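Using the sequences plus the hints, can you model the full thing?
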Amino acid sequence: MKNRGIQLRELKKQGKKIVGYFPGGYFPEELAYAAGAVPVALNRGGDHEPVEVSGAYMSRWIYTFGRANIGYRILGSEPIYNLIDIYVVPVTDNHVRIVADTWDVFTDVEVFRFGIPHTKHPWSVDYYLHGITSLKEKLESLTGNKITDERLKEAIQLANRERELLTEISLSRKSPRPPISTRDFVFLNHASMVLDKSVMVPALEEIAAGIRGKEGPETGKARLLLTGTTLAYGDYRILDMIEAAGGMVVIEEFGEGIRHYWEKVKLNGDLMKALTDRYYTRRVPPAWHRPGTERQEFVVKLAKEFKVQGVVWYQMMNRESDEFESYWYPDILKKQVGIPMLKLTSDYDSMERGPFSTRLETFIESLGR
Amino acid sequence: MYYKELLKLCDYSEDEIKKDAPRIEKVFKKAEIGPEEVKRGIERLHKYFWMESAGVRKVWGIWMKQFIDLALCKEEHKKVVFYTYPLEPRLGTSINLAGYYAATPEFVNMFILGLMFGIADPYFDLAEKHGMTPGTGMCGANKMRLGGFLKGLNPMPDVFLVSSFFCDNEAKTDELIGYHFPGVPRIIIDNCLDSDWEAYPKNYPNIEHHKVKYFGAELANVVRELDEKYDIHVKPEHLNAARMEIGKLYLGFQRVLECQKADPMPIANNNLLLFYMMITNPERRTMADGLNAINLLAKDAEERVKKGIGVTPKGAPRIAWTMPWFTDPAINAMVEEVGLAPVVAPFFWVHPKDLTKTDYEGFEKTAVAFMRMGLTHSTSGLIYRLTECVKYFKLEGIIWNGMYACRPTGGFPQILKKLVEEQTGVPVLTVETDQMDSRDTPTEVLRTRIETFAEMLRMRKAAAAA
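The listed protein sequences derive, respectively, from chains A and B. Under this note's numbering, think of the first position of the first sequence as 1, with each following residue one higher. Under this note's numbering, think of the first position of the second sequence as 370, with each following residue one higher.
Simulated from the structure, these hints should not be mistaken for lab results. All values derive from a computational prediction rather than experimental measurement. From the three backbone atoms N, C-alpha and C, an ideal C-beta is built for every residue, glycine too. No false leads were slipped in.
Coverage of chain B stretches by chain A, computed from C-beta distances (three or more under 8 Å per stretch; other residues unrestricted): (1) 548-559; (2) 579-587.
Among chain B residues calculated to face chain A with C-beta under 10 Å, some are: (3) Phe535; (4) Asp537; (5) Lys541; (6) Leu545; (7) Leu562; (8) Ser564; (9) Arg776; (10) Pro777; (11) Gly779; (12) Phe781; (13) Gln783; (14) Ile784.
As structure tokens, then:
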């Protein structure tokens, strides 16, 4: 991961197009692979400086990860942010829309948007399909390469294998003694959004084989589900603090920043429709979806299946869809799973550490292990 | 009848007051509007509004009648539909024209409880205690919406129409209302604000075909669902009639705005606000009396223009005051007090090209009309309209008081300032405020900034003249 910037610079010199994308889970990377381009998520988070810098470019009432997104570009501290040839932004809500606007106005990067409907009507499916069809045409013109069915199928197969492996590794955490920590799993997940799949898939094969049938040490820690708005690459402080407070995250569910790996693309029939089916129809949508019932049911299911004792809600400041949902989730979790929830709101500020630690310690202590 | 003087001021006739007394008393009791509040309301009306104008008196009457109707709607109507602003106005009107009751509670409440009586704060407080956390950028209008139900002032409708095509906060507020008051169905109306940056300025007055199809399908779905699931039947003729009615209101109001081109400016922005919201949020009473109120205001304004009478001194810098306050008229009055002429709130101006014919029919035609407004299409659409408005009204400055809690309009002040200044040469002052919830506005800090801006505009004007 450390060398990815250098690799990308080299690939760019060789004439490859670098396709940056907003990591909300609605960009079908397969299209970029099939066009011979290199997709990379602009998924960095956890630092306060980019958030501060963003104040000159967008309202402070835009959510933390969105503000950081333009901040990293302005600061130039993340090489990838300054290497992309195009920025693909699947527009999910007004926060993400304004991220795209800000890149349009304050950078020289071409921004390509397509909208993600907030409901799942039959014509919403057509709208998403129209969006990715336009994206396909855009990538073809950017790279000069035709996206053939054959190349798209190969890309889908590779991406499906990556999803299978991530699912297998993720499910290993159902064990009372998980053979892999969530910190490591999240890092792998993030790496899969930046590294080439030809590197990532063999690495995941090796890791999956290494943990297959194995168990980790007995820790005696409280099993937790971590959910909320966004879990970005580099934003690992929350996981470290939970660990230090005596907790162990065994499963996470985020609308952004984390690859949604649970569903595969079906390979029968029209491939663009198959991508739509996977990325839009079957994808469990984040909090901005209306209503948010599908995700609530998914979180409840995960909480039961991974036998968690509590939920930590990690909220990005000012993302109001999540803010709303965080109000009724405790009630739902209590009624349907019988577990409590702790909400923490972050603006990637180091000042948060003390209060977060205290609240986490108290919460985990209260779980009464 | 402690409220008689107030209602007469709002253009109620003696007969109307007598006939409506039981309804009014019932609602005033519910809303805790007693003699003291009425006294304050009368003072505020005289202090902040042009009560000598028959048009202003009539429009206040419309708002008051809507307030009473709203609180009693479940008792008086077979079917009640509530929608969130900005519902596509033709859709809301067509439901009313079909004989059902349709309304947006939050704006009616804000105008009467906030603008008139100054008693809106408890509603915001209540919403904040029930899931709309303070300090997290929750929209004041939505807080009022939830607060109205929690306080028991507004009854639950038979169905909610959720405006999910513009704002994320609204849709989630209705979900929160559903959590507190389970069992009321919601029809969600969606759209995606995902256009390319260049799309609106390049294509206007045309709108991208795929967007028209999508939003048109969403609007058509409302009528279908109302019909099939909720026994509410809206026919194409209702939509056509609604289109005609809304068109008359919008175009009638442009006659008023034309008067605002005069120097001195004839109408203070507090008065215009009452009309802006009546037109974009028309309800039954608007259909009955709205055009009449507009024509009366236009007549009064034209008279003032003819006589050279204005509410600001001749030569006062002409600005766009983006969005007046909905709950505190003192803040709106402040703009004129510092010597600025807030001639228009740009979102309510009809661009001449808005009237361009399209080949679309039915709800697709409605979708085009709605997205042409610019702010309902994209950030670049909103900015384009603002620059056009600067040219049309020969504005000399803009105060962009984009509501901070409104991501669709308030999330990009830096972009707006940069582009509008570059494209028009007119200075833009951006201020962070909440027009719906005046608790969040540090009034005197705002006054200092506006005074300084006014001084700068006057110096600029003097320098240009020299």
